Every structure is written in structure tokens, then in C-alpha cells.
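Each protein sequence line maps, in turn, to chains D and F. Each residue of the first sequence is one higher than the one before, starting from 290 at the first, in our numbering. Each residue of the second sequence is one higher than the one before, starting from 2 at the first, in our numbering.
Quick caveat, the hints were computed from the structure, so don't treat them as lab data. Honestly, I wouldn't trust all of these hints.
[As the list claims (entries may be wrong)] Quick partial rundown of chain F residues pointing at chain D, CB under 10 Å, derived from the structure:
{"#": "1", "residue": "Glu71"}
{"#": "2", "residue": "Asp85"}
{"#": "3", "residue": "Thr87"}
{"#": "4", "residue": "Ala233"}
{"#": "5", "residue": "Ser306"}
{"#": "6", "residue": "Asn314"}
{"#": "7", "residue": "Leu317"}
{"#": "8", "residue": "Gln319"}
{"#": "9", "residue": "Leu322"}
[Unchecked claim] Chain F residues, not near chain D, derived (Cβ > 12 Å throughout):
{"#": "10", "residue": "Phe63"}
{"#": "11", "residue": "Ala70"}
{"#": "12", "residue": "Asn95"}
{"#": "13", "residue": "Gln157"}
{"#": "14", "residue": "Ser172"}
{"#": "15", "residue": "Ile215"}
{"#": "16", "residue": "Gly231"}
{"#": "17", "residue": "Glu237"}
{"#": "18", "residue": "Asp253"}
[Stated by the list, open to error] Some chain F residues well away from chain D (every beta-carbon gap over 12 Å; in silico):
{"#": "19", "residue": "Gln222"}
{"#": "20", "residue": "Tyr235"}
{"#": "21", "residue": "Ser300"}
{"#": "22", "residue": "Glu320"}
Source: prediction; values computed, not measured. The beta carbon of each residue, even a glycine, is placed where N, CA and C say it ideally should be.
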Amino acid sequence: MATADDQAQQWFGADGQVSQLRGAIFRYSCLGATLLALTLVFVFLLYVANDAFQPATASTGWLLTVAATVVLPAVVLAAYFYFRDTRAGEVAYISFGLPIASTLLAGGALIVFNEIVTPHGWFALVAAIGAAYVVIELYVRKRRAVASALEQFAVRVGVPILAIVGIPGFGVDRTISTPLLGQELFHLSVSVPTLVPSLRGLILSLPVLPMDSVALLLSFTLPLAGVAAIRIRRVRETDRDALVAAGAVVAAAGLGLVAAPFVGVSAMTWVVVSTVLVVPIGLYVESVFRNGEGIAGLAFPVVVGTGALLAFVVVETLGFTGPDLWLDWNFLTESHSRTPRDAGIYPALVGSIMILIVVAIMAFPVGLGAAIYLEEYAPNQGLAGKLVELIEINIANLAGVPSVVYGVLGLALFVRGIGLRPGIVIVGGLTIGLLILPIVIVSAQEAIRAVPDSLRQASYGMGATRWQTVRNVVLPRAAPGIFTGTILAFGRAIGETAPLLMIGIAAVVRVSPNSFFGLTGAMPRQIFTWSRLIATDFRYGVLAAGVVTLLVVMLMMNGTAIVLRNKYQRQD
Amino acid sequence: MTDNQSGRLVDTVSRRKFLASSGAMGAVAVAGCSETDSDDTGNGGSEDLSGEVRITGSSTVFPVSDAMAERFMDEYPHVNVTTDSTGSGGGFENHFCPGDSDINGASRPVKDEELSQCDENGVTPIEMQVAGDALTMAVSPENDWVDCMSYDEMAQIWGENGAEMWSDVNSDWPDEPFDLYGPDTTSGTYDWFSENVNGGGHTDQHEGTEDDNIILEALQQNPYAMGYFGFAYYAENEDRVKAVEVKENEGDDCVAPSLDAASEGDYPMARPLFIYPSEEALEREEVRTFVEFYIENTSADWIGSDVGYVPANDDLVQENLDKI
């Protein structure tokens with residue numbers, strides 16, 4: 290910088306002047322691009338949020354009350370932290386966001402236990418996994434010195450399978466025909482009854498099982514309390530504190546068995562919600578006090594919470610009318626209705642979550658496997674190397690194929706080909722899984738490629754095999770990149786609409802799918818439906834509420850990606 | 002050194018175990034959930050009735066079917082009735098005839114080639130007229146030169162190789178090009194209009210869309226735009242567009258679109274709406290119950306007030322019930 294107008298040191302040229310104009314133009318056009326992009330997104334979000342929450346419909350009294358009790362104290366406190374106590378500001382930021390994120394997470398957990406796995410199913414699953422763990426642990430202690438690698442492997446894989454799946458029976462009833470001409474060859478019809486029932490199945494078939502709430506207390510709260518206890522023991526290095534932490538979690542959840550009816554929620558809801566809320570918040574508050582920095586920041590959520598409570602009391606007693614919300618509790622818990630005010634998104638939300646579970650189970654292992662092979666094992670020289678290069682280019686191109694094409698592919702492959710019914714969860718999940726597979730592969734490849742080669746060479750130099758190198762050196766270093774890329778791809782997956790249209794996800798589904806083979810709705814599909822209904826209330830109010838819900842779910846997922854990335858980066 | 006190494010080994014073992022068990026858990030979570038059977042086809046009792054009914058087809062019939070589904074599911078909460086709007090033709094070809102959906106809505110009678118496609122797949126559609134619609138020809142609210150049109154004039158605009166300028170049809174009209182919006186070619190409305198008003202063909206110079214809101218918005222933006230859609234969309238947006246009165250022949254009276262005029266037979270562009278349950282699906286208890294419920298309610302008043310269509314009369318209801 291100094292050289293530009295420093296005439297004394299003319300090392301760059303004879304005339305001693307350099308034009309800064311081009312640089313300035315470039316800089317400001319970059320700034321312009323940034324501002325334009327941000328403004329466009331921000332204006333859109335503001336527009337949608339305004340439609341969903343309609344703040345203008347609230348009475349002045351309501352707005353003033355909320356401003357005085359919630360907004361003003363929050364702004365004052367935030368300004369204080371910003372100017373006086375930055376560390377406390379960070380604490381305030383996290384301690385305010387954490388309860389909100391935990392509440393959303395608790396909602397997700399409740400949906401899982403209400404719609405996807407029954408509490409008893411979960412209880413049996415956890416019990417079976419626990420039993421398998423104990424068996425393997427005992428086996429390792431007794432036999433590890435003498436058993437062959439194959440035997441150890443068989444036990445480690447076989448015991449969990451026996452515990453969770455058993456050896457299921459199977460039935461085939463299909464006419465085998467030649468692939469192209471379609472001539473019938475023979476009819477295959479075999480059915481084998483269940484050979485060995487799984488431990489999970491046995492537990493489920495017990496005549497007496499604990500109540501839903503108790504089952505979850507044992508199989509959901511206890512393991513999470515254990516995790517909290519382990520964490521506390523690691524940082525505080527006393528068993529007593531760990532026990533206190535675990536005890537507090539279990540007590541908070543267990544209180545629900547007695548207290549829930551008085552509050553007006555089911556005991557199961559209490560157990561799940563309190564567990565998901567208490568564990569992360571408790572751990573965070575503990576860490577703040579242990580570090581002893583910025584404790585004042587914890588006051589922020591308390592002030593905002595108290596303010597909100599105060600606002601509620603004032604509004605109720607003085608009878609101010611609040612804003613005419615589209616996105617309210619009713620919207621989140623009801624299904625679509627022809628009356629805009631009664632319409633909700635719940636079945637579509639559940640459907641989207643279940644589709645995403647299928648996407649994750651399908652796309653992540655396949656995509657990661659392909660990426661590892663292509664980066665670490667695939668030949669890179671000679672004819673085979675050229676072939677691999679061609680495949681890689683094609684995968685990158687596949688990532689850019691329009692999503693509606695994947696819809697047609699899914700229809701041809703899973704509905705017309707395999708013969709699954711259109712419009713069910715698994716077809717939706719597999720189709721969208723195909724759609725994001727190239728993105729997962731490419732992002733995982735990038736992450737693996739970013740691991741410095743010197744690390745691999747060092748590992749080989751110490752005598753490690755290729756497998757050991759990949760497992761112990763490459764994958765841990767690549768994990769944050771892989772997670773970030775994958776979760777961002779899932780974020781795209783949850784918003785995809787066109788493939789869902791092609792594979793026959795119906796416009797309106799009023800019941801959440803009760804299995805992965807059940808008919809399902811999906812949030813983007815439902816939003817698309819609302820955009821085409823006659824009543825304007827649907828196209829502005831209800832649609833906006835749906836968009837905000839979808840955005841919040843995506844925000845949660847992207848937030849998870851950031852948290853995971855930060856966690857792993859810190860470990861490096 | 003040895004201590005260190007064994008510690009490392011234990012570490013790997015536990016992580017591998019974790020990976021194996023969590024992987025298995027994920028796989029089993031799917032398997033475990035899929036065991037809860039969804040395909041209970043129900044047996045008898047009105048409250049216990051469960052199962053799935055899939056409706057596809059015309060976007061014009063969609064509001065009726067969706068209202069029926071909502072009312073039906075209030076009574077039978079365990080029957081999952083899903084409604085989709087795919088266009089009459091799209092529904093027959095892609096969903097109903099391949100046997101994927103149980104009922105197809107249509108705003109025109111089923112075509113012969115569709116019947117043969119259904120037949121190949123062992124699907125037998127049963128025709129039931131469930132409601133009537135007054136197809137509405139609409140222009141921009143700024144359009145002050147057209148109040149009434151005959152079939153002949155509409156055919157000149159909307160028929161094959163239709164007129165390009167307003168003045169081509171009537172010299173009193175402005176010398177401006179048409180901006181035409183209508184339903185997609187997969188739509189039954191398109192087929193009905195081609196068949197009954199144009200006498201066969203249909204211009205390909207129009208913007209075809211399954212979304213009637215697009216037509217409405219276009220009509221508001223361009224004073225020379227023109228489009229047609231079901232009466233329900235007009236009823237909801239009466240102040241935003243101008244409906245053209247219609248006469249079949251030059252000598253007839255002009256009639257404005259309305260449900261009354263359509264049900265009394267005065268409005269020429271009144272058309273029947275159908276649903277086609279398949280005979281095979283009707284063997285399932287939940288589909289039969291739903292179709293009975295549907296037919297019995299087609300004469301209800303709310304079809305007119307809530308959905309914006311002409312309800313069926315009692316004779317038609319009885320005739321349909323006899324078909325089941």
C-alpha cells in the first residue's frame with residue numbers, strides 16, 4: 290500500500306504513480322454483488338415472514354406491550370454486552386439460541402416417537418442393542434487373545450443382527466421372465482417362516498411391557514443421562530458430579546410421570562421434551578460456570594423469557610389482540626383443510642422427515658463408499674485411470690441434471706421397474722436419494738482430496754496398510770467436510786418438489802404415513818398445492834406459513850452441519 | 002509402548018463396534034417400522050374401517066373430491082383418502098389405468114383409447130356424473146368491447162389456426178393481438194372446449210397451464226388477454242376479471258355464467274363432471290364406502306355454496322348408487 294504514493298521508493302516503475310481506479314471499481318462491484326444477493330434474499334424472507342405472522346394485524350397496545358417488555362430489555366442488554374462484555378455476549382447468544390434449537394429438536398423427537406417408532410419399539414430396540422453390547426463385551430474379555438480375526442468379526446456382526454433382526458423368514462412370489470422379450474420362464478414361489486426370532490421381537494411380544502412414558506424414561510432418558518454423565522466426568526473428573534448430572538436428568542424427566550397430568554400434557558411428551566431440553570442446556574450452563582467467563586450472558590434468555598411472560602400477562606389482562614398468525618400451533622399440528630384457518634402441515638412435515646430418513650440411509654453410505662473408492666482405491670493410470678476419470682466427470686455432471694429428470698427416473702425404476710406403489714415414503718426417499726447422491730459423492734470426494742498426501746505417506750511409512758490409513762488418517766481428517774457437504778445436500782433434498790410430483794406424491798394427504806411403505810405427503814408438495822388453490826388466503830397466508838416452517842427445518846439442518854463441522858475442526 | 006498400543010486397539014474395537022451396531026440400528030429402524038402394517042383393508046365396522054383411497058384426475062373435480070375426502074375422514078378417521086390433481090387425461094394415463102389410483106376425476110367422458118389402456122391392465126372404470134360446472138370465458142376487467150360471444154366467435158379465436166388479432170373476428174374490436182390462456186392439453190376442460198365449442202380442434206397459440214391462478218393473473222395484466230376456466234375460479238375472483246356472456250347460436254339470448262343458469266340448462270357452456278371409480282377398487286370396503294358417501298353427498302347444498310359447482314339432482318344420485 291505504502292508504495293503506491295511513496296515517491297521516494299520507485300521500485301515499480303519510473304513515473305512513480307499507479308492507478309488505483311481499477312482496483313476500486315473491482316472492490317465496489319464485488320460489494321454491490323454481495324449487497325444485491327443479500328437484499329434479494331432478505332426482502333423475500335421479510336415478505337414471507339410478514340405474510341406468515343402478519344404483525345400489522347396486532348393492536349397497537351399489543352405491539353407496545355411486547356416492545357416494552359421483550360424487545361427493549363433485549364436490545365439494551367445486547368448493546369451492553371456488545372460494548373462492555375463481549376464474552377458474555379457470546380454466552381448470551383448461545384444460551385438464547387440453545388433452548389430454541391432444543392425445543393425444535395424435542396418437537397422432532399416427539400414426532401419420531403408418535404409416528405415413526407413406537408415407544409415400545411424403541412424400548413425393545415435399545416434393550417436389544419444393550420444386550421448385544423454386553424454379550425460382545427463379555428466375549429471380548431474372554432476370548433480376545435485366542436479367537437481368530439474371522440471369529441471375532443463374525444461375533445461382532447452376528448450378535449447385533451441376532452439381537453435386532455433375528456433371522457427373518459422370507460417369501461418370494463414372482464414370475465421370472467426374460468429381461469427384454471418378457472417371455473415367462475417359470476414361476477417362483479417360496480416362503481420360509483421366521484427361523485430365529487430377534488431379541489427385539491421377543492421383547493416386543495412380552496405380555497407385560499412398561500407404559501409408554503416409563504419405556505421412554507428407561508430407553509431414551511437413561512442413555513442420554515449416561516452420555517451427560519460421561520461428559521461431566523470427563524471434564525470435572527469426579528464420579529460424584531457425574532452421578533448428580535445423570536440423576537438430575539432422570540429426575541427432571543421422571544417428574545413428568547407424576548406432574549404431567551397437572552400441566553395438561555401427556556407423560557410421554559414431558560419425558561421426551563424435558564430430556565431433550567435439560568441435557569444440552571444443562572451441559573452448556575455447566576460449562577459456562579466451569580469456565581467462569583461471561584456468566585452474565587446467561588441473564589439474557591432469563592430476561593427475554595421473563596419479559597415474554599410479563600407481556601403475556603399484561604396482554605391477557607388488558608385484552609389486547611395479538612397478530613393474526615398463520616403460523617401457529619394449530620398449523621403445526623393439523624392436517625390440510627379446505628378452510629384456510631384450519632389448514633395445517635403436520636402430515637406433510639412427518640412425511641418429509643420420513644422421506645429424509647430414507648434419503649439419509651440410502652445416500653450417505655453409498656455416496657461415501659463411492660467417494661472413498663474413487664479417491665483412495667481407484668486406479669489413476671493407464672486405460673483404467675481414463676475410465677475412472679470419465680466416471681468422475683459424469684458424476685459431477687449428474688449433480689447438475691434437472692431434478693424432474695430424477696423424478697422420471699424414480700418413476701421408471703422404482704414404480705414401473707421394481708413395482709413399488711407410487712406416492713409412498715420409500716419411493717420418494719429413494720428417488721430423492723438418487724438425486725442427491727452425486728452431490729454427496731462430489732462433496733465427500735472434495736473433502737477426502739483435501740487431506741494432505743503427506744499424511745497418507747507418513748502413515749504408509751509407519752507400516753500401516755491402505756485400509757488402516759483410510760480409516761485412521763484420511764476419514765477422521767475428512768469427516769467435517771463430508772458431514773457439511775452431506776447435510777447441505779439433505780437440505781436440498783427436503784426442499785425438492787419436482788421429483789415428488791413425478792412419482793405421484795399426492796397433492797393432499799391428511800394422514801401421516803404409518804410406515805415406510807405408506808402413502809405420504811411432503812412439505813414442498815403441500816406448499817405447491819396451496820399455491821394453486823382458489824382461495825387467496827391459501828396462496829398468501831397458509832403458503833407463507835408453510836414456507837417459514839420448511840425454512841426453519843432447513844435452518845436446523847444447516848445449523849447441525851455447522852455444529853458438526855466446528856466440533857471436528859476443533860479436534861484437529 | 003505396549004500399553005499405549007493396546008489402548009489404541011481397545012479404542013478401535015469400541016469404535017468399530019459402535020459403527021457396526023449403529024449401522025445395523027439404522028437399517029433395522031427401517032425394517033422395524035415397516036412391520037407396522039399399513040395395508041389393513043379394514044373389515045366392516047364404521048369406526049374401525051381403515052385403508053387407503055387414492056383419487057387422481059381432473060383439477061376441476063379436485064375441489065369436490067377434496068371436500069368429500071375431508072368430510073369423509075371426519076367420519077372415518079382411519080381411512081386415508083389422498084387427493085391429487087393431475088388433469089383428467091394425465092390421471093387416466095399415468096395413474097388410474099396402470100392401477101395405481103382407485104378413483105379418477107374427469108371433466109369429460111373417458112376416451113376410447115383410455116378405456117382400452119385400462120382394459121389391458123384389468124381396470125374397469127365406472128362412469129358417475131357427480132356435479133356440473135359452468136365453464137367461464139373471461140377477459141380483462143379493462144376490456145370494454147366484449148360483453149357477449151357466440152360459439153362461432155369463440156371457435157374463430159380458439160379453434161385450430163385461430164385468429165391472431167381481435168379485429169380479425171369483429172371489425173369493431175381493437176386492432177391488437179390476442180393473448181390467450183387456457184388449460185393444458187392433458188386437461189379435460191381443454192378436451193371439452195375443443196369438442197363442444199370449437200367443433201374439434203384447439204389453437205396451439207395459447208398458454209396452457211394446470212394452474213388457473215396463472216390465467217387469472219394474466220387477465221389482470223393484459224387488457225387484450227382472454228382465458229377460460231371452471232366457474233369456481235370465477236366465483237372466487239368475480240371482482241378481478243370480467244366474465245363474458247355466452248350464446249350458442251347467433252340468434253340466441255346471451256346468458257351470463259351462474260350455477261342457477263347451468264343447472265336449469267340455460268347456460269350453453271355447462272358441462273358435466275365425472276368420477277371414475279374402478280370396479281376392482283370398489284371391491285375394497287373402504288373404497289366402496291367412500292364412493293357411496295361421495296355419491297350421496299353430490300346433491301348436498303354445500304357443493305354449490307362451498308365448492309362452487311352445480312349439485313347433482315336426486316335422480317342422478319340414485320342412478321349412480323345403482324351402479325355400485
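Evaluation of the provided hints:
The criterion of a C-beta within 10 Å of any C-beta in chain D is met by glutamate 71 of chain F, whose closest approach is roughly 6 Å, and the hint holds. For aspartate 85 of chain F, the interface hint holds, the least distance from its beta-carbon to any beta-carbon of chain D being 4 Å, beneath 10 Å. Interface hint at threonine 87 of chain F: satisfied, since its Cβ lies 8 Å from the closest Cβ of chain D, which is below the 10 Å cut-off. For alanine 233 of chain F, the interface hint holds, since its Cβ comes within 10 Å of a Cβ in chain D; the closest pair sits about 6 Å apart.
Of the supplied interface hints, the one on serine 306 of chain F is violated, with its beta-carbon coming no nearer than about 12 Å to a beta-carbon of chain D, more than 10 Å. Against a cut-off of 10 Å between C-beta atoms, the interface hint on asparagine 314 of chain F is violated, since the closest Cβ of chain D lies about 24 Å away. Interface restraint check: leucine 317 of chain F against chain D, minimum CB-CB distance 23 Å, threshold 10 Å, status violated. Interface restraint check for glutamine 319 of chain F: the shortest CB-CB distance to chain D comes to about 27 Å, outside 10 Å, so the restraint is violated.
The interface hint given for leucine 322 of chain F is violated, since its Cβ lies 25 Å from the closest Cβ of chain D, which is over the 10 Å cut-off. Not every CB of chain D lies more than 12 Å from the CB of phenylalanine 63 of chain F, the least distance being 7 Å, so the non-interface label is violated. Look at alanine 70 of chain F: its CB is around 7 Å from the nearest CB on chain D, not clear of 12 Å, so calling it non-interface is violated. The Cβ of asparagine 95 of chain F does not lie farther than 12 Å from every Cβ of chain D; its closest approach is about 8 Å, which violates its non-interface assignment.
Distance check on glutamine 157 of chain F: its Cβ is at least 30 Å (rounded) from any Cβ of chain D, clearing the 12 Å threshold; non-interface status holds. No Cβ of chain D approaches the Cβ of serine 172 of chain F within 12 Å, the least distance being about 37 Å, so the stated non-interface status holds. The beta carbon of isoleucine 215 of chain F sits about 9 Å from the closest Cβ of chain D, which is not more than 12 Å, so the claim that it is off the interface is violated. Some Cβ of chain D comes within 12 Å of the Cβ of glycine 231 of chain F; the nearest lies about 9 Å off, and the non-interface call is violated.
Not every CB of chain D is more than 12 Å from the CB of glutamate 237 of chain F (nearest about 5 Å), against its label as outside the interface. Aspartate 253 of chain F, annotated as away from the interface, keeps every beta carbon of chain D farther than 12 Å; the closest lies near 30 Å. No beta-carbon of chain D comes within 12 Å of the beta-carbon of glutamine 222 of chain F; the shortest separation is about 17 Å. Not every CB of chain D lies more than 12 Å from the CB of tyrosine 235 of chain F, the least distance being 10 Å, so the non-interface label is violated.
Distance to chain D confirms serine 300 of chain F as a non-interface residue, since its nearest Cβ pair spans about 19 Å, more than 12 Å. Every beta carbon of chain D lies more than 12 Å from that of glutamate 320 of chain F, the smallest distance being close to 27 Å; the non-interface claim holds.
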